[in-house]
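Q: Residue numbers (my numbering), protein chains in the order written: chain A, 1 to 641; chain B, 1001 to 1247.
Hints in this document: simulated from the structure, not taken from any laboratory. Certain hints may be false.
As the list claims (entries may be wrong) - Each computed DSS-like pair below joins lysine-lysine, with the alpha-carbon atoms no more than 25 angstroms apart: (1) A/Lys35 - A/Lys471; (2) B/Lys1043 - A/Lys512; (3) A/Lys512 - A/Lys342; (4) A/Lys88 - B/Lys1147; (5) B/Lys1043 - A/Lys538.
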Amino acid sequence: MENQNGLDAKVPTGAINERWENHLADINLVSPANKRRFTIIVVGTGLAGASAAATLGELGYQVKAFTFHDSGRRAHSIAAQGGINAAKNYPNDGDSIHRLFYDTVKGGDYRSRESNVYRLAQLSVEIIDQCVAQGVPFAREYGGLLSNRSFGGAQVSRTFYARGQTGQQLLLGAYQAMMRQVDLGTVELFTQTEMLDVVVKDGQAVGIITRDLIDGTIDSHAGHAVVLATGGYSNVYFLSTNAMKSNVTAVWRAHRQGAWFANPCYTQIHPTCIPPSDEFQSKLTLMSESLRNDGRIWVPSRSGDPRPAEEIPDADRDYYLERRYPAFGNLVPRDVASRAAKLEVDGGKGVGPLQNGVYLDFADALGRLGEDTVRERYGNLFDMYQRITGEDPYLTPMRIYPAMHYTMGGLWVDYNLMTTIPGLYALGEANFSDHGANRLGASALMQGLADGYFVIPYTLGGYLAPRLGEKTVPTTDPVFEETRSRVRWRIEGYLTGGGTRSPDWFHRELGKTLWEHCGMERNADGLRQAISAIESLKEEFDHDLLVPGDGHSLNQSLEKAGRVDDFLELGRLMCIDALHREESCGGHFRIEHQTEDGEAERDDDNFSYVAAWGWTNGEEPILNKEPLEFEYVRPSRRSYK
Amino acid sequence: MDLTLRVWRQESPEAEGRFETYRAVDVQPDMSFLEMLDILNEKLLTSGFEPIAFDHDCREGICGSCGVMINGQAHGPQRNTATCQLHMREFSDGDTLVIEPWRATNFPIIRDLVVDRSPFDRIITAGGYISAPTGSAPEANLIPVPKETSDAAMDAAACIGCGACVAACPNGAAQLFTAAKVAHLNLLPQGGPERRSRVERMVETMEEYFGSCTNHGECESACPKGISLDNIALMNREYLLSKIRSR
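Okay, chain B solo, but in the shape it has when bound (with noise of 0.2 angstroms):
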């Protein structure tokens, strides 16, 4: 198949960017969004141009590296999917792909269709772990943890950090990632020691970079691993007993 692909190119963080107009001819169904991108770079780079930056690491879809807008969508049409697992035969003959950085300020472009996404290293450190030095831990089996409550913490745990979430949110909120990160551990036995001044910290910490949660759900429409608003619903509860019981 043949594809139009308007791409955003940007040098610097500073400079004005502008979309690009390129063809990629025939593309194959089997190939992945990525290396149709990849054989793209490789004729501009030997034609003499820049290739277009992108970020991407594992192309399995669990380091969260990649991740650009395709048409209006945070890694594209295909739901439950990050970019780098995007194939081809998602799309047809004579389509036009708009493809852009993430869309959100809080994650500045450095350069193309790379983003800054180190507010979010930031919300973990502001208490995203449970304190267990090396050497302390106890014996494994030594706290039971219902089957149902470690699977619900394993649905939280698995978001990969991509920022899709901050992305398709018109506000810019980054609840879903926060929120994922309170309720696989604030869920666990593990977790409680910690319960209260991690969610505080955290969600004080989200505010200073994100913007506000108003309820649209295009968050966990386009997390690529479907991690679900009732984390956030968890995250506001937590949040708020947590105030009440420090007055």
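Just chain A, same shape as in the assembly (with noise of 0.2 angstroms):
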């Protein structure tokens, strides 16, 4: 079924630059002494829910934050390595707010919305004045003032950084912004609480359900406006470079009750990860893509070539990126390098144990630079890989391929992050809105915290300042009541199965089937076949699910067992989501749809549009669309060449 109407994204009028100051002029505001007398819901305190709940409890709303980790500083933010965008030009390069904006639209294949991303760009040099007042250690140059590095899709260095741990950073520059109004008493942190539903009356998120993972206690909160800052969905796939517990919980089931999810086929393939060593792998880890600035990827030209890397001629090696994108070279995007090292390691050229990865080397690196150079801005990483897989890669080259990561798409939002539910907004990774089809290196942890502290505390006054006066709904409202029985509904089918197989089990086999039909390269029919393939699995979850235990203490197996079932329904519409995009691009790359040399090819005429799906209980999806207008970045035809 298809919808053409229903979605307005609510974008201000008037020139590109202009469309955010003109929005803030427009905004009703609500006074400082009114702001307590609104409580504010915030799920996840990862970048964007940390900053838009320590901004929103300094703006003096009442603010309750919910996390189910043990501390508000464990997100999956913090493991982001590499560093955060922002049009500072302070290396005199030539880059501007515009710059930034036309790469962001280019990187992300045309398939985002342009008032968005330019807001982006411009919020991008507040968050770094922001980041630096709180004590960020961001990397200097000797005269004290902040250094800059080169990320993928950009032609000039606008990439701040902490090592290769800018996402620690930055989490806990907001974590601590957030407890220092734990100390003050406007946020309200809840830990090891896991969002079990969103509570919607009369049209409107009027609060949530939690678990509390300790205890079991399902309880209830009220509040008049509901945060998700829940993260991507990457996890869908089993194998991914996201944390254990990252799933698409809160995201789905605010999906089921009337949120419009928009282009969930839109994921993202990290091309530097190290490859899966054996079939017990649980995860697999990244290596930032800093490390192509100075390294450089290579195959050997002979596929089965037997002799270790170091004895093999620069004759025998095919730099294959600096061959096919001289101008970007090692730099091209995420998903032209992902696809690339797969033609690679199809044809036979794969190195390492299992074949299964292509070589990354600092050997010219090392030797222009000096040991010592590379230590200081990769040494981190060197140590990382060397503990996982064994090998000194100061001596011999890493070893990498590509590995789910990162997903654009999420909860449909408009331009004030609101979702299709009045009142429930969502943040950062959970929502679909600025990176297109492909995110851009550096471009999440700078849309995290652009949501957070600078676009969600004002939007946020447009919808409470008429709202002024109106209490939250009780908890002992019906609705309440028949939101937490569902939940516990639900609970008790996981624990009352009575099947023979773990969630993990489950996990692995949808994983497994996504990353075949559905990963870097997809086609109809697989498509179709993953659609059936997860359908029997689902039916037999709902069958066959064993999870030992009870619901009053904490049980891991019940929390995963929750967090599959969701994934099971996500993966089947990710898959209806990219067998209706009969086109490339960015992430989604159909093998149908590409040019005679192998690159994406989108269809502009038929697909120029936000794909926003929504839930039927029981029926097939109904597709929505928000048609995409350029009218400041013609598209084109991607090229790195």
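Dock the two chains into a complex; use the hints.
A: This is the structure:
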């Protein structure tokens, strides 16, 4: 079923560089004294959630923040390595807000909303100021000023970084700002508490249902608005670079309550991860893309060359990215670099014991810069690589291969970051808005913090101002009771299944199917197969799940069961979305739609829209389209040659 | 390789705990320590037993969720390595591994290998931040920070809050954790204005929950991020100066 109307992105009018400012001038304000009369629920305390909770608390709102971790400091944002983009133009190399905007729209393969991306580029500048003031120890030059490096998909150096731990330092900054508000009493932090449903009354989000992971208590929390900042869904593939607990549950349960899910098939494969070593692999580890600044990627020219890397002379090596894309070389965007690696490995040129990787070689950089400089730039990454593989990258090239890493799709949001449920917002990776069909490196941190520090604190006022004086819905209201019992019923179901298979078993099977048919490359036949395979797997899950223990204590298998259940439903929708999108764009590569030299072929006439899917209980999902208009960046075929 | 595991099992904070013995067979050297536990858990679960509860998330040594005692050592035998980054090539066929939760009375056991580390959050809440409300920040390059200062702040800021320092300390002291945050923020010019109140409140909150430091240095050897003992000296100096000045 398809619906052409009903999606109003509420983009302000005017020239693109004036839209955000115009919007700010128009938004209703809540006066300082009245802010404390509103309760805001923030779910997730990663970059987007913690920065939102901190800022809303500073403004005087009563904030209730939730995380399933034991502390606000552990969200997966912490693992981001490489950096954060900002159009500061400190290196004087020609960067500007417009250029960052242009690179992001182009990098996203013309499938993002121009106005949102422009705002993101504008706010990038303030993010760096904010983080430095909080004490984020970004890398500096000897003169004491901030240092920058370059990243994939850009020809300027605009990436700020804190060694290989940029995400950690930015998250600690946001977490500390949030804990300051906890100290001041404006933010109440609930740790080890998982959101299991949104409460919707008369079409508006009025609260959430949570489970205390330690004692199993099911609780209700009412608020004037609910903000979801719960991250992406790469873990649907089982093997991904995401943390083990990252999941889609908060977002998916909101989707089942009426929030539309946009572009679920836009998933990103990261080109530089450590290849799996055996079948027991629990997750994949990413090696920051920043390594591509100084590392050169190659495979042996002859497939099956038995010599160790150091003994293969230059003449017998194929630096395939430098050969195919002379302008960008090793710094082509992630989707391009990933597919190129797959092509080499599929062609029999893979390296390593399982022949499932390509080389990322630092010999030139070590010669040019010396070991000290290389160690300073990438020391912790080299150490991590050595711990995992037992090989020393100072002596022998790293082996890398693409892995699932980030999801551009997410809940559909308008310019205010509000979902299709009034009062329910989605921030950071949980929404779909800024990266189109492919995200550029160092842009996830930028978006999470832009949404949390600088967008939601303003746009929320527009929703709340007219509601001044309204009380929150009491948690004894029938709508809360109904939602609570649905949550309880679901948990009971998992515990009394009495089957034979673990949640992990189902997760692994789902992951294999998706990686094969809805991963780096997709085609119609494969996607149809995957849809029916997932349907059978879901049926098996409903009948053959085994969850030991009870619901009144810490039960990690029970937590996992709920997350896998949601992944099964999401996986099916991803395939439906990938099947309907008869074109290739960014991370969505349909092998039926490629140019003669194997590049992605978009179909702007028919697919220049956001696909926002509506949940229908048991029926096929409904497709809603938000047409994309490009006034400032003219879509062209991306070329990095 | 085949291993014998003696694992601490405890159903709840109040329950009596005990060691259970398990066999881990055909363990591959490239497997991570937690993957070895994953496989054991899968076996336990499908045979109708409850899996061993342990905290973990990123498995890249950065989130600070994981951490167990392995043969009496916090995070096991490899230096500068969190439990999730430890690989089975560090062990040999026939080894017996005693696996326990963090040993620290101020980190009570929740279940099996999972402990409650919330006192760490309370220390951060008591001043482990720079007050810079969103929107109030000056231009980022307005205040130059010498590279050495910034690097030293970064060294301290690398702490992942895992709690190994407390677990390794014979007194259950949290000096290394607290000092790392004090050093990170007090070294930077941005942290200057709140320097004194920060160190005083953080140290006093730490003392409410944790034991005293008697310079054993076990914390430094157990730290997966190589946080230096020098930070403790810095914290003590800052605390003393602050106390003298406020008299």
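Q: Next, verify each hint and record whether it holds.
A: Tested hints:
{"no.": "1", "hint": "A/Lys35 - A/Lys471", "in the structure": "holds (13 angstroms)"}
{"no.": "2", "hint": "B/Lys1043 - A/Lys512", "in the structure": "holds (21 angstroms)"}
{"no.": "3", "hint": "A/Lys512 - A/Lys342", "in the structure": "holds (17 angstroms)"}
{"no.": "4", "hint": "A/Lys88 - B/Lys1147", "in the structure": "holds (20 angstroms)"}
{"no.": "5", "hint": "B/Lys1043 - A/Lys538", "in the structure": "holds (22 angstroms)"}
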